[in-house]
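The hints should help you fit chain B onto chain A, whose structure is shown.
Number of protein chains: 2
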Amino acid sequence: MTETASHGPLTGLRVLEIGHFVAAPFCTRVLGDLGADIIKIEPPAGDPVRQWGAQIDGNSLWWSIHGRNKRSVTVNLKAPGASDLVLALAARCDAVVENFRPGQLERLGLGDAIMRSARPDLVIAHISGYGQDGPYRDRAAFGVIGEAIGGLRYLTDHEPGTTDLPPVRVGVSIGDSLAGLYAAFGIVSAVWQRDRAAGDGKGRTMDVALSEAVLSMTEGMLPEYAALGKVRQPTGSRIPTAAPSSAYPCSDGKWILIAANSEPLFARLSRLIGRPELPQEQRFANNRMRVANVVELDELIGSWTRSLPVDQIERKLNDADIPSTRVYSAAECAADPQFRHRGMVREVDDRLFGKVLHLGIVPHVPDDPGKIRWAGPAVGEHTDEVLSDILGMQPAEIAAMRREGVI
Amino acid sequence: MTETASHGPLTGLRVLEIGHFVAAPFCTRVLGDLGADIIKIEPPAGDPVRQWGAQIDGNSLWWSIHGRNKRSVTVNLKAPGASDLVLALAARCDAVVENFRPGQLERLGLGDAIMRSARPDLVIAHISGYGQDGPYRDRAAFGVIGEAIGGLRYLTDHEPGTTDLPPVRVGVSIGDSLAGLYAAFGIVSAVWQRDRAAGDGKGRTMDVALSEAVLSMTEGMLPEYAALGKVRQPTGSRIPTAAPSSAYPCSDGKWILIAANSEPLFARLSRLIGRPELPQEQRFANNRMRVANVVELDELIGSWTRSLPVDQIERKLNDADIPSTRVYSAAECAADPQFRHRGMVREVDDRLFGKVLHLGIVPHVPDDPGKIRWAGPAVGEHTDEVLSDILGMQPAEIAAMRREGVI
Numbered sequence: 001m002t003e004t005a006s007h008g009p010l011t012g013l014r015v016l017e018i019g020h021f022v023a024a025p026f027c028t029r030v031l032g033d034l035g036a037d038i039i040k041i042e043p044p045a046g047d048p049v050r051q052w053g054a055q056i057d058g059n060s061l062w063w064s065i066h067g068r069n070k071r072s073v074t075v076n077l078k079a080p081g082a083s084d085l086v087l088a089l090a091a092r093c094d095a096v097v098e099n100f101r102p103g104q105l106e107r108l109g110l111g112d113a114i115m116r117s118a119r120p121d122l123v124i125a126h127i128s129g130y131g132q133d134g135p136y137r138d139r140a141a142f143g144v145i146g147e148a149i150g151g152l153r154y155l156t157d158h159e160p161g162t163t164d165l166p167p168v169r170v171g172v173s174i175g176d177s178l179a180g181l182y183a184a185f186g187i188v189s190a191v192w193q194r195d196r197a198a199g200d201g202k203g204r205t206m207d208v209a210l211s212e213a214v215l216s217m218t219e220g221m222l223p224e225y226a227a228l229g230k231v232r233q234p235t236g237s238r239i240p241t242a243a244p245s246s247a248y249p250c251s252d253g254k255w256i257l258i259a260a261n262s263e264p265l266f267a268r269l270s271r272l273i274g275r276p277e278l279p280q281e282q283r284f285a286n287n288r289m290r291v292a293n294v295v296e297l298d299e300l301i302g303s304w305t306r307s308l309p310v311d312q313i314e315r316k317l318n319d320a321d322i323p324s325t326r327v328y329s330a331a332e333c334a335a336d337p338q339f340r341h342r343g344m345v346r347e348v349d350d351r352l353f354g355k356v357l358h359l360g361i362v363p364h365v366p367d368d369p370g371k372i373r374w375a376g377p378a379v380g381e382h383t384d385e386v387l388s389d390i391l392g393m394q395p396a397e398i399a400a401m402r403r404e405g406v407i
Numbered sequence: 001m002t003e004t005a006s007h008g009p010l011t012g013l014r015v016l017e018i019g020h021f022v023a024a025p026f027c028t029r030v031l032g033d034l035g036a037d038i039i040k041i042e043p044p045a046g047d048p049v050r051q052w053g054a055q056i057d058g059n060s061l062w063w064s065i066h067g068r069n070k071r072s073v074t075v076n077l078k079a080p081g082a083s084d085l086v087l088a089l090a091a092r093c094d095a096v097v098e099n100f101r102p103g104q105l106e107r108l109g110l111g112d113a114i115m116r117s118a119r120p121d122l123v124i125a126h127i128s129g130y131g132q133d134g135p136y137r138d139r140a141a142f143g144v145i146g147e148a149i150g151g152l153r154y155l156t157d158h159e160p161g162t163t164d165l166p167p168v169r170v171g172v173s174i175g176d177s178l179a180g181l182y183a184a185f186g187i188v189s190a191v192w193q194r195d196r197a198a199g200d201g202k203g204r205t206m207d208v209a210l211s212e213a214v215l216s217m218t219e220g221m222l223p224e225y226a227a228l229g230k231v232r233q234p235t236g237s238r239i240p241t242a243a244p245s246s247a248y249p250c251s252d253g254k255w256i257l258i259a260a261n262s263e264p265l266f267a268r269l270s271r272l273i274g275r276p277e278l279p280q281e282q283r284f285a286n287n288r289m290r291v292a293n294v295v296e297l298d299e300l301i302g303s304w305t306r307s308l309p310v311d312q313i314e315r316k317l318n319d320a321d322i323p324s325t326r327v328y329s330a331a332e333c334a335a336d337p338q339f340r341h342r343g344m345v346r347e348v349d350d351r352l353f354g355k356v357l358h359l360g361i362v363p364h365v366p367d368d369p370g371k372i373r374w375a376g377p378a379v380g381e382h383t384d385e386v387l388s389d390i391l392g393m394q395p396a397e398i399a400a401m402r403r404e405g406v407i
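So the protein lines, in turn, are chains A and B.
For the first sequence, the numbering used here gives the first residue as 1, with consecutive numbering after it.
For the second sequence, the numbering used here gives the first residue as 1, with consecutive numbering after it.
Chain A on its own, in the form it takes in the complex:
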């Protein structure tokens, strides 16, 4: 594939994915969004994500996004000769990312040392539940468990004593996606050091653990515990240190998020809800007092929001210039004028579904935007192209490998 034009800052970077499910494919999705050439090694049965979530005729819509910009190459990793094929591809890639269980690629003849014998300066990113060493190395990696070990599940809950319901899952595979994003960051960091003029030319290894990617988000939780014995607690819909800031119910059952935790904003909100005297009352006189009396305060705000449907509440808050929004479901995300303006919600052609609504590219690079070159491909759609263009294989050789069950 000759690159004739830039399609993002990673144009010219080639990455081999030996992955499945969420984390490694999320890593290559964000790399591909910024222009990298992604070669995805896929078993003949395909990545299981092709059947995850809502489907049309057995094809998942998620895959349209998750597989976009990738070239799918079918390889049966257990077939004799398969590892040679993968090594030949790795030799022509800048980086490899994988998320098998620690040690599994090594057992398939694709350990780090062997891959580096194919290309000494290869960057290798491993993604796993708990890391490539240590006492938990061999534990099965489930996203929800890594999130709980990383401390996030505990914090995603109502205040202690509020309910008997369990703490909730974030609602998306946040731990897997975080691990994938950190892996992408690590890969690009490593190729920068390798490829720059003053760099060292070395291939580095990244060892990304899902539980660690999650723990890295926990702000001051660890030092506050160690120094003060303070176990950080969930605060439900609120922010622990500012009030009012919460989600409030409207008369039509929708939720409105209001963040009026500064003096001028709280004064405006108080007037809007017909209680202009509140900022003068001692219990709400400043942020500290409002946090201390937040249950009363939220009840007053909630009794106003419950009196009207979300459309009207939202309009009144906007007119008063109070930071707020209805809580967006998929419907509101899809229709949002800002997302549409910025291409963050956009139509994409998909070979299976026609026009499909995709989320856009992050980060937005106005002078060199990445591109959604194609939606999730068919299993093995690019096998012949990649083997021919990158490895220079002849049709007869490719046919032979196919007969032997390697591809």
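Honestly, the hints are just simulated from the structure, not real lab data.
All values reported here derive from a predicted model rather than from experimental measurement.
Treat the hints with caution; some may be incorrect.
Because identical chains cannot be distinguished in the list, a pair is counted as satisfied if it fits within a single copy or across any two copies.
[Claimed, not checked] Here are the simulated SDA-like pairs of lysine to any residue, each with C-alpha atoms no more than 25 Å apart in a straight line:
hint, residue 1, residue 2
1, K371, F21
2, K254, H158
3, K316, N286
4, K202, R119
5, K371, A320
6, K78, E263
7, K254, D164
8, K355, A226
9, K78, G111
10, K254, A113
Showing chain B alone in chain A's frame:
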């Protein structure tokens, strides 16, 4: 500062932060963790995060982590001559990251064009609530609002009809941190393309929106809605497509997370809870049936977990090799042997607090680990050092700038 040894793959990269609060400082934290030299422009009053969360003598413990590896340079951006000083620093940096309101830096004489006149190939990352253009550009950016617009708040809730309580916040500033991480990924991508031998030498601009960073995590939510009219719903503690996978209550009030959503795992769990016949019952015969009857199933599992304290439940599940964990609070994260083994939880020297417990570095780079060189510095701790070493200013010049209130 002469670099004598590598302290991570970004050793040799210099980044100027003109930021505050969470997003831009999180970006530079992850860059600094991998070895970048971070110069943080800070107002004389300091970044407000220095007072956020639990404190000792007015100093936040969070700052110890949030400010680590950064050189703090005090600049009063509104003083005459301040923009010249910042431009002189920018000219000696690879990248700048900022998270003021869109347009604010331009009003301070630090717009993109002016910064590029100081260094034409400068990489610039802007982080904001909704992006640098479009109808929401000038809205105040509150993390919780961006998270709600990005679709995450809606999904972080119990199943519809379960409770009148509002959807919960993730419990950390997930939107800000995601935006910061995407900005770090974008910056490193841009410097790779700029600095590699076959690169184009150009400085690129990154325009990262918090709401977009969040929406990028929503998997198949958008195409499922657009193609099928399916509005993705929250599923509380469960996973929508697999069962059993949830948090279950133990007799001591702690929660245990169990992921036994495969046939062998479910068979083992059924034996463990004394109901070995369950896999033979039609209602639980396969994953699809278990998902359809998940309320009954979770009640059976919960009646077992409620009979014993979490220590015993956890041991029994481990002995049966069933993926599970207690839901970790700060206390369990701090003590976890895997985190300790991997340096993901480690003691760090802090000038204010002595030994402080930090979270470690992600990604882990075994052959070139980043380093926590120092904990969060004092405001302006490195002003003289940076002005002298990087700009070559003499003590008399520095003293004059200090008298004039620039630094």
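Discussion item. If the cut is 25 Å between Cα atoms, do K202 and R119 qualify within a copy, between copies, both or neither?
Written reply: within (11 Å within a copy, 28 Å between copies)
Worksheet entry | Alpha-carbon proximity context of K78 and G111, limit 25 Å | within (14 Å within a copy, 56 Å between copies)
Practice prompt. Up to 25 Å between alpha-carbons, please classify K254 paired with A113: within, between, both or neither.
Written response: Classified as neither: same-chain Cα gap 56 Å, cross-chain 44 Å, threshold 25 Å.
Worksheet entry | Intra/inter-copy verdict for K371 and F21 if alpha-carbon distance must be at most 25 Å | within (23 Å within a copy, 32 Å between copies)
Fill in: Identical-chain pair category, K78 with E263, by Cα at 25 Å
between (65 Å within a copy, 24 Å between copies)
Discussion item. At most 25 Å between CA atoms: does that hold for K254 and H158 within a copy, between copies, both, or neither?
Written reply: both (19 Å within a copy, 14 Å between copies)
Fill in: 25 Å Cα threshold - placement of D164 relative to K254
both (23 Å within a copy, 11 Å between copies)
Item to complete: Classify it for me, K316 with N286: is the Cα-Cα distance of at most 25 Å met within a copy, between copies, both or neither?
Response: Intra 24 Å, inter 50 Å, cutoff 25 Å: intra-copy only.
Worksheet item: Are the CA atoms of K371 and A320 at most 25 Å apart within a copy, between copies, both, or neither?
Response: Classified as neither: same-chain Cα gap 39 Å, cross-chain 48 Å, threshold 25 Å.
Practice prompt. With 25 Å as the alpha-carbon cut-off, assign the pair K355 and A226 to within, between, both or neither.
Written response: between (53 Å within a copy, 9 Å between copies)
Against the hints set out earlier in the document, violations occur for numbers 5 and 10.
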